[in-house]
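Here the protein sequences line up with chains B and U, keeping their order. The first sequence begins at 1 in UniProt numbering and counts up one residue at a time. The second sequence begins at 1 in UniProt numbering and counts up one residue at a time.
Keep in mind that the hints were calculated from the coordinates and are not lab data. Incorrect hints may appear among the rest.
Pairs count within a copy or across copies, as identical chains cannot be separated in the list.
DMTMM-like mimics (lysine to aspartate or glutamate), calculated; alpha carbons at most 25 Å apart, straight line [claimed, not checked]:
1. K399 - E347
2. K310 - E221
3. K225 - D336
4. K320 - E207
5. K225 - D348
6. K395 - E330
7. K416 - E347
8. K20 - E144
There are 2 protein chains.
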Amino acid sequence: MSSGDGFRPLDEKFLVEYLKATPSLAAKLGNQFDKLEIKEVGDGNLNFVYIVISPSGSLVIKQALPYIRCIGESWPMTKERAYFEATTLQEERRLCPEHVPEVYHFDRTMCLIGMRYIEPPHIILRKGLIAGIEYPLLAEHISEFMARTLFYTSLLYLTTTEHKSAVAKYCANVELCRLTEQVVFSDPYKVSEYNHWTSPYLDADAESVREDNILKLEVAELKSKFCERAQALIHGDLHTGSVMVTSDSTQVIDPEFSFYGPMGFDIGAFIGNLILAYFAQDGHAEGADRKVYKVWILKTISETWNLFYKKFTALWDEHKDGPGEAYLPEIYNNPDLQLLVRQKYMEDIFHDSLGFGAAKMIRRIVGVAHVEDFESIKDESKRAECERKALTLAKTLLKERTKFKSIGEVVSAIEKIDA
Amino acid sequence: MSSGDGFRPLDEKFLVEYLKATPSLAAKLGNQFDKLEIKEVGDGNLNFVYIVISPSGSLVIKQALPYIRCIGESWPMTKERAYFEATTLQEERRLCPEHVPEVYHFDRTMCLIGMRYIEPPHIILRKGLIAGIEYPLLAEHISEFMARTLFYTSLLYLTTTEHKSAVAKYCANVELCRLTEQVVFSDPYKVSEYNHWTSPYLDADAESVREDNILKLEVAELKSKFCERAQALIHGDLHTGSVMVTSDSTQVIDPEFSFYGPMGFDIGAFIGNLILAYFAQDGHAEGADRKVYKVWILKTISETWNLFYKKFTALWDEHKDGPGEAYLPEIYNNPDLQLLVRQKYMEDIFHDSLGFGAAKMIRRIVGVAHVEDFESIKDESKRAECERKALTLAKTLLKERTKFKSIGEVVSAIEKIDA
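Whenever a hint applies, use it, and build me the whole structure from the sequences.
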């Protein structure tokens, strides 16, 4: 099956031919093709993901397919997303090499990325959170990733010439943005065939989301920001399923939704998904065995924001006389003013993060795509109880985000709902 | 003098050859070249502007030159701006034919636009305001222009696919955006060789602008919006020098600074320049002869905003079930919510307009490029007095813009300062 544009979906036989014919990939396998171990681990509906291991090396081949299949429905989706995924992986790795896997090879025609195999014991963070595993360096690492990738692609570091050129390039990733617009900012707030929830338990809750005028007013403002505000190169899908971890390594993958958008969308995605993980714990707990773990999640939420704040503002300090054109040194050259400017800037990111994080929580409970944190809770009434707490918090965060002054107040709000 | 890329600056002889060789232009002149009347009316430093009149027709030829000359300084400036000027003129004319001149011909290599000659008695609005001429239809017309061009290029009417594609195209007009960033948002707030003001009268005032932390904090927020927020296709330079008028015609020209930016930048430019015209009146007045005229300017300021509000929201109503993706009808389908959404949206535009308008006033008093309204006041102490009132108002508007609830309150603030 070839589509005439040179694209051809992989199968195992073709994959081996491809590897042999591609020096940068062959080299990673030590040019040994006799004892290749090949495993397809993608869901097969969205992307092919092949793990390839030879006696002297390994790699992952990821190929974008021209559709996503969703709830039995066929949903066409540009395979050009592979171009943005590869481009952003390379850019993010340049900015934060410790937490982004290396890209070995990109083939735009084949929509194919050859990259580092993020080897065991790395697992998807979401699975670790469900299993109750603590990652003592997670907040440190993810805040480093966010601070570096967001700072260096914002006007705090770039000239407006560099920034506008990058913005223009990523405008072409519009189809993926549109998918986010639909599933995050639209579908949960209307009757949609794609929506589902833990029914009948949450029927009234889902309806109340669709009928909450203030919530819909606020989500519209966030959607406008998402569509109009090119603040920095954002990952665009930074939930706990896009992060692979061990106790001492954190690797961010899958930036196919990346574009120039509001920073809070990334920070909010990560924190929002940690909050979902928190509220799911009671569903996984036997007796009180997750009590300590829940405290660790709350600590990680606080530290993620606080370390992000510290690292981001440190980068700002370091580069305040640099090329960035948002705050020219000749104008913003006094300490009082710098403090004012920074407080306002960081407060805006914080409130955006709470808003976007809340929107991402809501869509995981009443929208099309749910999270394993909740889905793996077999007892539906128990699951609904966990989800309802998360939904209640999310609604408050979205509607009253500007009243929160610190991440500590957010943690208190979580604890209060959980009490 | 030819630059190797096919570009060649016009002179009269070459112009005639060019007209003869270009059917769309020759036709406009009835193919009569014997009795051509040709007049160069551009300042020659930024663009050539030739008026060409034959016995049976007329047109204007505008050619962008690859620099602007400013205060004896040579300042290179991309001649590609002609492409954006022509493109935007055509788009604006499509959206609002009554108030935008027709483009007959565009030559990208020559950076040359052939367009309608906006004939006498049309004059530049700024000159009419200095002369004390009332334009009873001005607010009606300019609000129509703003409402239509801004509404139809926003996400209230466009899909995000159309919007992102247009945003990407206009990202290439970055050099002109950078000029605005410098002269509007930066230079007035720092010591710059380009700045000047009515010295020594306003020395302390200019210094106080450079040392006002709150003002600089607020102007940074506006600059961020200007650089990051692609809300609609804005004209980008909608002051009273970009509008030609008679008592019953209003024509908007010169959109070379156009790009996808915040709507308030256009609305603010127009209203801010009307406020400058207002405060300049006492410098032109002999005795109290401008009292009635000042009342007319204030009325025009009010009507411009109020009619814009009315027309813009009417377009929104008309197209609320249309293609625009900001507020999907399935979600925003109830009257209470529609009212809430509209109030918030319009309030944001209003506050942005006041902020941008104020920034544009400030830069005309202490920045590089001043306005004839004030410059034509020969008595420097009188001029300084007029300028100081305008500057005082502008600082209040910029710092406290979100406290203003209506255009009436803005008019009251103007009157109070003028009392």
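Hints and how they fare:
no.: 1; hint: K399 - E347; in the structure: both (16 Å within a copy, 18 Å between copies)
no.: 2; hint: K310 - E221; in the structure: between (28 Å within a copy, 22 Å between copies)
no.: 3; hint: K225 - D336; in the structure: between (29 Å within a copy, 23 Å between copies)
no.: 4; hint: K320 - E207; in the structure: between (48 Å within a copy, 23 Å between copies)
no.: 5; hint: K225 - D348; in the structure: both (12 Å within a copy, 13 Å between copies)
no.: 6; hint: K395 - E330; in the structure: between (43 Å within a copy, 20 Å between copies)
no.: 7; hint: K416 - E347; in the structure: within (23 Å within a copy, 35 Å between copies)
no.: 8; hint: K20 - E144; in the structure: neither (37 Å within a copy, 64 Å between copies)
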